[in-house]
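Participant: The residues making up each chain are set out below.
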Amino acid sequence: MADLITYRDAVAEGLAREMRRDSAVVCLGEDIGAAGGVFKTTVGLLAEFGPERVRDTPISEQAIVGMAMGAAMTGMRPVAEIMFSDFLACCWDYLANEIPKMRYMTGGQVTIPLVVRTANGGGLGFGAQHSQAVENWALAIPGLKVIAPSTPADVVGLLAAAIRSDDPVVFFEHKGLMAGRGAAPPPEHIVALGQAAIVRPGTDVTVVALAATVPLALAAADELAADGVSAEVIDLRCLVPLDMATVLASVGRTSRLLIVEENPYQGGWGGTVASIVADEGFESLDAPIRRLAAECVPLPFADALEDEVIPTTAKVTAALRRLLDY
Amino acid sequence: MTISMDAGELLRLYEQMLVIRGTEKAAHDLFLAGLVKGTTHLAAGHEAVAVGASAALRPDDYVFATYRGHHHAMARGASPAECLAELMSKATGVCKAKGGSMHLTKASAGMLGSYAIVGAHLPMAAGAAWSARLRGSGQVAVAFFGDGATNIGAFHEALNLASVWSLPVLFICENNLYMEYTPIGSVTAADHPAADRAGGYRLPAEVIDGNDVVVVADAVARAAERARAGGGPTVLEAMTYRHFGHSRTDPATYRPADEVQQWLSRDPLDVARGRLAAMGVPAADIDAASERAGAEVAAAVSAARAADGADPAEALTDVWADGGHQWRT
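Residue numbers (my numbering), protein chains in the order written: chain A, 143 to 468; chain B, 127 to 455.
In case anyone wonders, no lab produced these hints; they're calculated from the structure. Quantities reported herein were computed from a predicted structural model and do not represent experimental measurements. Note that CB positions come from ideal geometry on N, CA and C, so glycine has one too. Treat each hint with caution, since some may be false.
The following label-pair restraints were derived from C-beta to C-beta distances [unchecked claim]:
#1 B:ARG454 <-> A:VAL180: 56 to 64 Å
#2 A:ASP369 <-> B:PRO438: 34 to 42 Å
#3 A:ALA231 <-> B:GLY400: 46 to 54 Å
#4 B:GLY400 <-> A:VAL180: 40 to 48 Å
#5 A:TYR468 <-> B:PRO438: 38 to 46 Å
#6 B:GLU135 <-> A:SER165: 54 to 62 Å
#7 B:LEU158 <-> A:ALA391: 51 to 59 Å
#8 B:SER312 <-> A:ALA231: 44 to 52 Å
#9 A:ARG323 <-> B:ASP448: 30 to 38 Å
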């Protein structure tokens, strides 16, 4: 049996691998050092790399990301942690106005190789200010690469690619996946940015998913398989670069597309995927493109209410049945 | 306090300030002639802060400035011609005409940008200082900012963290008494908005005459030496005054006439000229510096006027490190 590793341990493992490989990789954030991170995603780093490379910060999101930017412009490869992705709003100036624009507006004079890691997503009953899936915020801004892995091996492989990238990356770690286990990645594991994974091949319908909606899509595909339906599930892995070649090729084979997003329908990333398929894959389609996204409300606290708002396996299964019946 | 600058060095700084003043005046005139679009935030009156600080820094030190940053770009080595070309949307602009007046940057000279979101660059300077310490380079980083920036959160987050980490960073406030159109004193619970806050973060601070290039150079030299020795950050509040309004559209009629007159009588160029005369520098040498500066600005205006306009193909370059803008397959 292959070695298994949890998603949360994979984050620490991925960071440690890159910090061993390159002394320019440094980490900063709230509670990442002695505490090992509130999600235990940085356990062991302080002991191995010391307090100058693994720095605890005050609750100062602007200083965390702004300092990472200044360090990145001057020879380091910082990895900044924003504890909950909701808190990106506290330092959004850096993600919206500074980091993605500085290379462009200086005519290419500066390079900003940094990663902002953040715990993202719902399903854990943290309420409206600690549960949002906000990959779509970052997708709206040219100049940011956007990653959201669904498996422990992808966490390690995509983190390696993100840290080695000379471009700024926002790396979304899904809270609902932290305790999940998966195959441990081999040494030197790296997953190139912008390559979606066909995690379940199929012929009847394409399901495009990201992060925590990948296991929902896989579970729904398993249910439908009992009815003789063959669903293909694509894990996008990245929103930027966006691997539309894999999506368009899949839709070319299946003729049907369901997109499963955790963010609200309004402004969700699936709208971008759908618009490209409608534009460039229209002739392949035998049915309307369907999007299953969160309801357009703030996320409620109670489990019974949260389940009403965000995608669940049952909702994916139902959406697939409707699409196949079209 | 010892003033160690010799006459030759001061004459060089005086000429540099003249070039900046002349370039700012040219930018003003070119705007009125319809050759500069958007807006400009001219730094005429602030020259001594940039030139004095730059004279006290090492060539490899880092500087971060604001949208009122022409003087810092030129003080660190951007040429007047490439700055004016940037303002005039020319291909030869220092940022290939992709940044404009508010974003002059000369990274090859350690001038790591002009930032137009107030206060955003203070944490960046702290980060560059952290980087310098991690690399053991002995560099310092400097953030120049206006009095208005002292009331935004990033100022306070940066001062606190830079102090806790004892980083080699200098925070230099150019206090020109007005945050945009509003007197800073009317919206700030401190007499000296930068220096008075420093103590709250256990940082040393000095209020200095920002119109005296020698005073600025000496204060920055002391602060940089302290930072390089591991003594941590210093806050300097340089008192100065804008000769123009906040931006192109502002005639600055809200400033009392006697206040304006008082500050114009303390023009940093006159202060430096007075020092040179007192040091016994012949008037002919001072005049020669003025002539050289005037000729340099005139040549810069001619070069910028003659340059080709921005290449439309540049609109789709420089998003990513590979030079391109592709975001999908």
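Participant: Confirm or reject the claim that TYR468 (chain A) and PRO438 (chain B) have a C-beta distance inside 38 to 46 Å.
Facilitator: Given about 45 Å between the Cβ atoms, the range holds.
Participant: Do the beta carbons of ARG323 (chain A) and ASP448 (chain B) sit within 30 to 38 Å of each other?
Facilitator: Holds: the Cβ-Cβ distance is about 36 Å, inside 30 to 38 Å.
Participant: Given the hint of 40 to 48 Å, check if GLY400 (chain B) and VAL180 (chain A) actually sit that far apart at their C-beta atoms.
Facilitator: Distance hint for GLY400 (chain B), VAL180 (chain A) is violated at roughly 60 Å.
Participant: Can you tell me whether the CB distance of LEU158 (chain B) to ALA391 (chain A) sits inside 51 to 59 Å?
Facilitator: For LEU158 (chain B) and ALA391 (chain A) the Cβ distance comes to about 57 Å; the hint holds.
Participant: Is 46 to 54 Å right for how far apart the beta carbons of ALA231 (chain A) and GLY400 (chain B) are?
Facilitator: 52 Å, holds
Participant: Within 44 to 52 Å: is that where the Cβ-Cβ distance between SER312 (chain B) and ALA231 (chain A) falls?
Facilitator: 30 Å, violated
Participant: Please test the hint of 54 to 62 Å on the beta carbon pair from GLU135 (chain B) and SER165 (chain A).
Facilitator: About 39 Å separates the Cβ atoms of GLU135 (chain B) and SER165 (chain A), which means 54 to 62 Å is violated.
Participant: Has the hinted range 34 to 42 Å been met by the Cβ atoms of ASP369 (chain A) and PRO438 (chain B)?
Facilitator: Between ASP369 (chain A) and PRO438 (chain B), where Cβ atoms are some 55 Å apart, the hint is violated.
Participant: When you take the CB atoms of ARG454 (chain B) and VAL180 (chain A), is the distance between them in 56 to 64 Å?
Facilitator: 34 Å, violated
Hint check: violations occur at hints 1, 2, 4, 6 and 8; the rest are consistent with the structure.
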